[in-house]
Amino acid sequence: MQQKKVNGLCIPSRSEETATMSATGEHYVVDEHGNRVAIILPLREYEQLQEDLHDLAVVAERREEPSIGFDEFKKRYER
Numbered sequence: 001m002q003q004k005k006v007n008g009l010c011i012p013s014r015s016e017e018t019a020t021m022s023a024t025g026e027h028y029v030v031d032e033h034g035n036r037v038a039i040i041l042p043l044r045e046y047e048q049l050q051e052d053l054h055d056l057a058v059v060a061e062r063r064e065e066p067s068i069g070f071d072e073f074k075k076r077y078e079r
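Position 20 of the sequence shown, counting from 1, maps to 20 under the UniProt record's numbering, and the rest follow consecutively.
It should be emphasised that the hints constitute simulated quantities derived from the structure, not laboratory data. Owing to the predicted nature of the structure, the values given are computational and were not obtained by experimental measurement. Careful, some of the hints might be misleading.
[To be verified] Across the chosen pairs, the derived CB separations fall in these ranges:
id	residue 1	residue 2	range
1	28	63	29 to 37 Å
2	32	62	40 to 48 Å
3	63	25	50 to 58 Å
4	43	77	33 to 41 Å
5	48	28	18 to 26 Å
6	72	48	27 to 35 Å
7	70	34	52 to 60 Å
8	76	28	45 to 53 Å
9	31	75	31 to 39 Å
10	25	55	43 to 51 Å
11	34	63	40 to 48 Å
12	68	41	21 to 29 Å
13	46	78	38 to 46 Å
14	40	66	24 to 32 Å
Note that beta-carbon positions come from the ideal geometry of N, C-alpha and C, so glycine has one too.
Can you build the whole structure from these sequences, using the hints too?
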């Protein structure tokens with residue numbers, strides 16, 4: 001598959017898709033009808049989103065665990 005450079009990024013070159021940039025700076029891949037079909041993110045931003053999703057999954061898993069008050073927490077960890 002050929003690639004083309006758009007705004008400094010190499011993207012797959014398909015006749016039905018092109019990359020556009022919104023007024024706020026996001027890069028989208030659009031189809032021949034102008035519908036957004038994908039987004040191009042900087043790798044660091046993607047990795048941060050993945051980390052945030054993982055953190056939220058851990059919170060959801062632990063939702064039913066018993067909690068302790070701050071004073072009890074301090075007693076346990078001041079040692």
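Quiz item: If you check the beta carbons of residue 76 and residue 28, does the distance land in 45 to 53 Å?
Solution: Given about 49 Å between the Cβ atoms, the range holds.
Quiz item: Between residue 46 and residue 78, does the beta-carbon spacing fit 38 to 46 Å?
Solution: holds (39 Å)
Quiz item: Can the suggested window of 40 to 48 Å be confirmed for the beta-carbon pair residue 32 and residue 62?
Solution: holds (46 Å)
Quiz item: Between residue 25 and residue 55, does the C-beta distance stay in 43 to 51 Å?
Solution: For residue 55 against residue 25, whose Cβ atoms are near 25 Å apart, the range 43 to 51 Å is violated.
Quiz item: Is 33 to 41 Å a correct range for the gap between the Cβ atoms of residue 43 and residue 77?
Solution: About 36 Å separates the Cβ atoms of residue 43 and residue 77, which means 33 to 41 Å holds.
Quiz item: Does the Cβ distance between residue 68 and residue 41 fall inside 21 to 29 Å?
Solution: violated (38 Å)
Quiz item: Does the hinted range 50 to 58 Å hold for residue 63 and residue 25 at CB?
Solution: Violated, at about 36 Å.
Quiz item: Can the suggested window of 52 to 60 Å be confirmed for the beta-carbon pair residue 70 and residue 34?
Solution: About 53 Å separates the Cβ atoms of residue 70 and residue 34, which means 52 to 60 Å holds.
Practice problem: Check the following: the C-beta atoms of residue 28 and residue 63 are separated by a distance inside 29 to 37 Å. | Solution: holds (35 Å)
Exercise. With respect to the beta-carbon atoms only, verify the hint that residue 31 and residue 75 lie 31 to 39 Å apart.
Key: With a Cβ separation near 60 Å, residue 31 and residue 75 fall outside 31 to 39 Å, so the hint is violated.
Exercise. Indicate whether the distance between the beta carbons of residue 48 and residue 28 respects the range 18 to 26 Å.
Key: Given a distance of about 19 Å, which is inside 18 to 26 Å, the answer is holds.
Practice problem: Given the range 24 to 32 Å, decide if the beta-carbon distance of residue 40 to residue 66 lies inside it. | Solution: Roughly 44 Å apart at Cβ, these two residues miss the hinted range, so it is violated.
The earlier numbered hints that this structure contradicts are 3, 9, 10, 12 and 14.
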